[in-house]
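**Student:** Listed below are the residues making up each chain.
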Amino acid sequence: MTGMDATSGQGVEVRGVSKLFESRAGRNTAVSAVDLTIEPGQFVSLLGPSGCGKTSLLRMIGGLLEPTTGTVTIDGRPVAEAVEARKFGFVFQDPTLLPWRTVRANAMLLLDVIGRQSEQARVDALLQTVGLSNFSNHYPAQLSGGMRQRVALARALALDPEILLMDEPFAALDAITRERLGVELLGIWDGARSVVFVTHSIAEAVLLSDRVVVMSTSPGRIVADIAIDIPRPRNGSVRSTDAFKAYEDRLRDLIEGVRA
Amino acid sequence: MATDGSERARRANPRSWLLPTGFIVLLIVVWQLVTQHTHWVQPYVLPQPWDVVTRMTQDPSMLFGSFRVTLVEVIVGFAIGSLVGVLIALPIAYSPSVRNTLYPLIVASQAVPKIAIAPLLVVWLGLGWTPKLTVVALMVFFPVAMTSVQGFSSVDRNLIDLLRSVHAPPWQVFSKVRLPHALPYIFSGLKIGITLAVVGAVVGEWVGANSGLGYLLLHANSMLDTTLLYASLLLLVVMGVVLFALMEIIERVLMPWQEPEKPMPLTS
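These protein sequence lines map, in sequence, to chains P and G.
Residue numbering for the first sequence is 1 to 260, as defined by my numbering.
Residue numbering for the second sequence is 1 to 268, as defined by my numbering.
Keep in mind the hints are simulated off the structure, nothing from the lab.
Honestly, I wouldn't trust all of these hints.
[Stated by the list, open to error] So, partial list: chain G residues that the calculated Cβ filter (under 7 Å) puts toward chain P:
#	residue
1	Ser154
2	Asp156
3	Asn158
4	Asp161
5	Leu162
6	Ser165
7	Val166
8	His167
9	Ala168
10	Lys176
11	Pro180
12	Val253
13	Trp257
These figures come from a predicted structure and were not determined experimentally.
Glycine included, C-beta positions come from ideal geometry on N, C-alpha and C.
Only chain P is shown next, with the shape it has when bound in the complex (with noise of 0.2 Å):
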């Protein structure tokens, strides 16, 4: 049993969180008994194959799901408070931008639901470090794959939020974008943030992450939890390193035992 006493710290918290489905189909351990810190401004991927409970645990994380068992806190509060104080940023695999809504419109959409227009100095800003300044009045059908879901970064950090929760959000794009987003986001990422990282793509995870929390599927678990120390800052050149290989061949066995 674990005590509110024990999640008294910075940052996000997971305690003993299981998930269990049930379904007509019958009942599926999602994610089983998980403890997890991720520690003010840190960048953390869950790494695994599909429907090892990553996506579970994060949506859990972000209080858009209900842990079966356990808790979840955020600077030592629940997550229902956290959600009341916007220290949450989504991103989602898709853009989900609305059609009707220039870029700009779309990236200032959170900040029009909860009344708070008069922070537009700040989306603009962010469209710059996306690189999509000349773009803000375009519609979405109007963009790239790659530059909607640069909208839908500016507009999850147009609320500045504490925490970064992104749930693959590069998986739907082709490989020369998605590389190319990933070494992008390196450098829009400040560290005044934490990032947590959903991906199934190893080398995303090494160049992106301090640590990568690799899981296993069928119940959804931790098998490793392996800090990345290849210094920052980082650029897309720290992939032809020693190092980056090293990390990439570790993570690979490790995904590999979990699958054997």
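Keeping the supplied structure of chain P fixed, place chain G upon it in accordance with the hints.
**Tutor:** Same frame as chain P, but now just chain G:
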């Protein structure tokens, strides 16, 4: 803005309206020639198009007076029916139990032939405007309700989650996301509804009326006055087509981001 340009070019393409217009003109010319120069069909079966037009100019006050009566029934009944349709769609889209409770009733209400219950409506509501408006509204509300439910409930789940994750107020989610997302769906229902509204008004007038194009149609039929019958029919068709076009114009003005040729759900 490349997309905008090509879209405008496509809309303005003269061939898009030349072909259907030309075809209709051709049909009318053939019809005129056949009825004027052959004796294949009797005039009381198929009058000459020209006679129909002259009939309209001979008796404009009767025909256009009737037109106005029916038009008011169509527009007011359509407004009531579509308002009820959208409003009833909201609780259905938001609550599964409301959905399960109301769906069978709504479908059943639609399975009842309007022509069969129209006399009952006259018994209940008298001979005035109310039974006609009720028939029109009953015809309109179903497609509007169905497409609205689809529109309100088909918002991307991730988008709803995104809004949940920032604790967005429900009203903001509705007005900024659900309603604009549902608009194209609602409009496909409204476009089906507006044509059904004309049918509804005619049915309403058949059962108990002393004015309107439906009434005139019935009257002309009983007198074997085929020219008048065709003149009334023509006006009904014009009314339906113009109202439909009007809906399309409103749709494009409200939703410039929407492709003009959107497939319409629920039509077959």
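**Student:** Next step is simple, just say for each hint if it's right about the structure.
**Tutor:** Consistency of the hints with the structure:
1. Ser154: This hint is violated: Ser154 of chain G lies away from chain P, its Cβ roughly 13 Å from the closest one there, beyond 7 Å.
2. Asp156: Constraint on Asp156 of chain G satisfied, holds at 5 Å.
3. Asn158: 4 Å, holds
4. Asp161: 5 Å, holds
5. Leu162: 5 Å, holds
6. Ser165: Where the cut-off is 7 Å and the nearest Cβ of chain P is about 5 Å from Ser165 of chain G, the hint holds.
7. Val166: For Val166 of chain G, the interface hint holds, since the closest Cβ of chain P sits about 5 Å away, which is under 7 Å.
8. His167: 5 Å, holds
9. Ala168: At about 4 Å, which falls below the 7 Å cut-off, the nearest Cβ of chain P leaves the hint on Ala168 of chain G intact, so it holds.
10. Lys176: 5 Å, holds
11. Pro180: 5 Å, holds
12. Val253: Check failed: Cβ of Val253 of chain G comes no nearer than 13 Å to chain P, outside 7 Å.
13. Trp257: With a closest approach of 5 Å, the Trp257 of chain G hint holds.
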